[in-house]
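K.L.:
Numbering (the numbering used here), first residue to last: 1 to 112.
Any given hint might turn out to be false.
Using C-beta positions, here's what the derived DEER-type ranges look like [unchecked claim]:
| id | residue 1 | residue 2 | range |
| --- | --- | --- | --- |
| 1 | Gly70 | Asn32 | 17 to 25 Å |
| 2 | Gln59 | Gln106 | 17 to 25 Å |
| 3 | Ala110 | Asn32 | 29 to 37 Å |
| 4 | Leu104 | Ala56 | 18 to 26 Å |
| 5 | Glu49 | His80 | 31 to 39 Å |
FYI, nobody ran anything at the bench for these hints, they're computed from the structure. A virtual CB, placed ideally from N, CA and C, is assigned to each residue, including glycine.
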Amino acid sequence: MCSLCGVLGCDDHWTSAIARPGVYTRNTDRLNRRREAANRIKLANVLLEPRRLKIAEWQGASYVLSSPTGRTQVFESLAHLWPEAEAMTGRALDPLDPDFLERLKQRIEAAS
1 MCSLCGVLGC DDHWTSAIAR PGVYTRNTDR LNRRREAANR IKLANVLLEP
51 RRLKIAEWQG ASYVLSSPTG RTQVFESLAH LWPEAEAMTG RALDPLDPDF
101 LERLKQRIEA AS
């Protein structure tokens with residue numbers, strides 16, 4: 001069975017909100033929503049890089065997480081990213097771990 005049925009939903013991430021009267025959002029049009037989504041992917045890849053994982057958007061509605069060995073997993077919401085990354089690597093991934101944050105800070109400073 002293919003997994004297409006599982007990805008036909010939508011990403012209800014709070015940052016994908018569409019502008020409505022009385023509700024503040026930076027995403028006032030489709031271009032801004034796509035720009036914000038691309039920025040989220042870029043930031044997620046920075047966090048995933050130490051585990052040698054990459055995430056990409058698929059069809060504007062789902063995400064593909066891939067490993068350097070070619071293993072992939074498709075999911076529909078960024079809320080599923082950490083559990084999927086842990087399942088793929090077989091190791092816990094805590095983006096708030098102080099050691100992880102320190103290594104990330106050093107990488108960012110070295111790139112500057």
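K.L.:
Sort out which numbered hints this structure fails and list those numbers smallest first.
P.N.:
Of the numbered hints given earlier, those the structure breaks are 1, 2 and 5, listed in rising order.
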